[in-house]
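Engineer: Read off the chains here:
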Amino acid sequence: MNGCAHCGRLLVAPVGGAAAASFCCPGCKSAHGLIQRLGLERYYRQRCLEADGVGPRPETSLTLPDLASFVRTGSDGAARINLLVDRIQCGACVWLIEAALARLPGVVSARLAMTTRRLAVVFRPQEVTADVIAGRVSALGYPVAPFDPEALNSAAERRGGELLTCLAVAGFAAANIMLLSVAVWAGHADMSQALRDLLHWVSALIALPTVVYAGRPFFRSAITALKAGRTNMDVPISLAVILTTVMSLVETLRHAEHAYFDSAVTLLFFLLVGRYLEHRARGKARNVAERLLALGRTAVTVVKEDGRFVTLPASRLRPGMVLSVATGARIGGDGIVREGEGELDVSLITGEAAPKRVEAGARVFAGTINLGAHLRVIVTATGEDTLLADIVRMMEAAEQGRARYVALADRIARAYAPLVHLLALSTFLYWFVAAGIGAGGALMIAVAVLIITCPCALALSVPTVQILASGRLMRRGVLLKSADGLERLAAVDTVVLDKTGTLTLGRLELAAPVEERALAIAASIAATSTHPLARALARACPQARPVKAARETAGCGVEWEGPAGLVRLGRAEWCGVERGGSKPHPELWLKEPGRSPVQFCFRDRLRPDAAEAVSALRNAGYDLRLVSGDHTPAVAAMAQAAGIEMWAGEIGPDGKARMLQSLKAEGRHVLMVGDGLNDAPALAAASVSISPASAAEISQIAADAVFQGDRLMPVVETLATARRAQRLVKQNLALSLAYNLLAVPLAAAGLLTPLIAALAMSSSSILVIGNALRLDARPGTGETP
Amino acid sequence: MTILIYLVPLAVALGALGLAAFLWSLHADQYDDLDGAARRILYDDDAPLPDPKRQAD
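Those protein sequences? They're chains A and B, same order as listed. Just so we're aligned, residue 108 is where the first sequence starts under my numbering, counting upward by one. Just so we're aligned, residue 240 is where the second sequence starts under my numbering, counting upward by one.
The hints are simulated quantities; they were obtained by calculation from the structure and are not laboratory data. C-beta: ideal position from N, C-alpha, C; glycine also. It is possible that part of the hints are untrue.
Covered stretches of chain B, as calculated for chain A (at least 3 residues, CB under 8 Å) [said to hold, decoys possible]:
1) 249-255
2) 259-268
If you want a taste of the chain A side facing chain B, the calculated C-beta under 7 Å gives, among others [to be verified]:
3) 196
4) 198
5) 201
6) 202
7) 220
8) 221
9) 222
10) 275
11) 279
12) 309
If we strip away everything but chain A, and leave its shape as in the complex, we get:
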């Protein structure tokens, strides 16, 4: 079977097959036409599609909020708009979008940043409008959303920039002061006092502004902690840096032989490296979440009393308004159907792949997609009052509970910092009062203690392992989102799996074998429809060619005037089958004239390696559970097929979250693996959570890690990597603490100068980084290059 010439999806119902190329939908056809018209066919040769071979597919129903308010006009008359672009996969996508826009008359420049997915377009407002620009990008298959660069430039991003600037300044100062210091040490014996003083003064000139500038991240945090009556790792760091600098200044004024500006600045530099690495690890995930949230805000169409249609941003929707929901559009608010009937894709809310039937009077929820004909919906709740917002709130509440988790390094810092202060103070008092060597000398020894106990290695030991582990996981298709996720993953003893989309692929497939002739006819008819069940049926019989002149009745099925008479494929009632009670599986019926109706059952399939992954998890000692909102018999069957003994069905979103809380109350550390929006509160309530990349966006935001592909093994690998990383973190912490235990007595005894202390400190940092690198040294299993 051929793939669509534009998006590469398997073809079930080719559209417009006159040309050599054929397409899966009108959107792809027009995108392909646009690309050819612009002479950009090179895109198809150059793109490197994702593993599953699905390219971006234009959404016909995409509506955008008013773009005019996002356009900024510069002094030269040129206008500028910033757009977030989704579904960018490779450099070819960037090239295609930029080239397609450059060929639009009136566009001055278009620049798309691949890392941040931000597109900046400068254009002449007299010749082209922002809507045309956004329209062209979305016609190519890339959803766009406008954004305000000022609003999106979040505090975290500014902090990253500040850290990097501080790091650069500290690095520059450290290198230059070290240069001068080497001159002083080397010429120690025969250097004139005037020359030494000059070099010290130059060092001071560089060091003082550097400490004031580059030390800010630490000073700020230390002051905040002290104000709150607590102490943290930044208090001894700030103290050590300030004391060393002041000491050196005093020494320089006294024309003394040694000044320790180099120690202070090098210390700052190393600590900033650690801080920056840590910040980077956290930033990646935040970027993804921000983009998804911005893309979620779409426009809605409202029917006015006089029958006119108006497009409004979803935020201006009010209860009582009448929404017009076209086929394929997302419903903007909770409401009740007034006119029309059809089926809704409710996977965002329930995680179930099978569509839900609605008719006049039925309640519908924001975020669901209309698959049937046109619906009119009276809005009952909007924005913050919708079920969608409720679920998000439940998730946030659960997440706050998790925020109370204290990372290992912080726990150590809490105990460690007061100890350090006490130690330095008692050293000073001992030498000053008991040994009576004068304030200057006693202070020097106390500073040496502060430097040697400096938590530099301690500060580096956790982030270095985290960076390496998340890099390793990323190469295996797992995106680790929260920095302390690894630590919580390593503590896991219970794994709770969701059924649909997690243990299974979340795609419907024909369950039982059906008579071949009936299947062929049904598939040919189904191939003309885009309904999920029809597509699943067409997939089951790839060689079937779509029939001509089939009529689709939304919410009922498809009928076709065959050689023997009218053939119907659709709901049981529509095909003349009387069926009472609930149906265990989604189904379609085929009614041919003169034959008894044939039933097609659909079922979700287990991930190919589900049983293997489950047994690997059990062998590793994890307690496994299966929970689902689906009917109990279906859950039981899946549990048995995957080999999970403990399972529960028909559990709603709050039930899942409650169940996780009770597991946690038993003292367990629970890993939740889930995908639907209904799982989001549970994902947030668990100690740690993973969701597949096919999951609802909100679940991906709630999860600590996201894995790609059809296999479940990445979950097992993530847990294994987390355990190994945790072992390395503990080794690192032990190393740096052991080093401190060894060096502190020497420093307190006054045997080390601050210089030697600084050198020893650097070597311990290198030791810790080297140990962390061992994470990647051992060859892993199943690595994909």
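Add chain B to chain A, keeping to what the hints say.
Structural biologist: Then chain B, alone, in the frame of chain A:
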């Protein structure tokens, strides 16, 4: 040793020049799109569009 009066400030000034260059590139968003810049070179247009400004002249 009086040469140091010139050389030390000179060394510091050269270092400061490098620092200034780095800080400029940082604030000019040169590091915002590391992935894109690496791949962009592969998709260079063979026939770039004529500059509309120059065309008008």
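Engineer: Is the interface hint for residue 275 of chain A satisfied, with its Cβ closer than 7 Å to some Cβ of chain B?
Structural biologist: Holds, because the Cβ-Cβ distance from residue 275 of chain A to chain B comes to roughly 5 Å (cut-off 7 Å).
Engineer: Holds or violated: the hint that residue 279 of chain A contacts chain B, with Cβ atoms closer than 7 Å.
Structural biologist: With Cβ-Cβ at 4 Å, under 7 Å, it holds.
Engineer: Hint residue 196 of chain A vs chain B: min CB-CB distance below 7 Å?
Structural biologist: Not OK, violated: residue 196 of chain A not within 7 Å of chain B, min 11 Å.
Engineer: Per the coverage rule (Cβ-Cβ under 8 Å, at least three residues), is the stretch 249-255 of chain B covered by chain A?
Structural biologist: With 4 residues in contact (Cβ-Cβ under 8 Å with chain A), the coverage given for the stretch 249-255 of chain B holds.
Engineer: Going by Cβ atoms only, is residue 220 of chain A closer than 7 Å to chain B?
Structural biologist: The hint holds - residue 220 of chain A has a Cβ within 7 Å of chain B, the shortest such distance being about 4 Å.
Engineer: Given residue 201 of chain A as an interface hint, is its Cβ closer than 7 Å to any Cβ of chain B?
Structural biologist: 6 Å, holds
Engineer: Count residues of the stretch 259-268 of chain B with a Cβ under 8 Å from any Cβ of chain A, then say if the count reaches three.
Structural biologist: holds (count 4)
Engineer: Does residue 202 of chain A pass the interface hint, meaning its C-beta sits closer than 7 Å to a C-beta of chain B?
Structural biologist: With a minimum Cβ separation of about 4 Å from chain B (threshold 7 Å), the hint on residue 202 of chain A holds.
Engineer: Please check whether residue 222 of chain A passes as an interface residue: C-beta within 7 Å of a C-beta belonging to chain B.
Structural biologist: Nearest chain B Cβ about 5 Å off; hint holds.
Engineer: Let's test the interface hint: is any C-beta of chain B closer than 7 Å to that of residue 309 of chain A?
Structural biologist: 6 Å, holds
Engineer: The hint names residue 198 of chain A as touching chain B; please verify it with the least Cβ-Cβ distance against 7 Å.
Structural biologist: 3 Å, holds
Engineer: Mind checking the CB of residue 221 of chain A against every CB in chain B and telling me if the closest is under 7 Å?
Structural biologist: This interface hint holds because 3 Å falls under the 7 Å limit.
When held up to the earlier numbered hints, the structure conflicts with hint 3 and nothing else.
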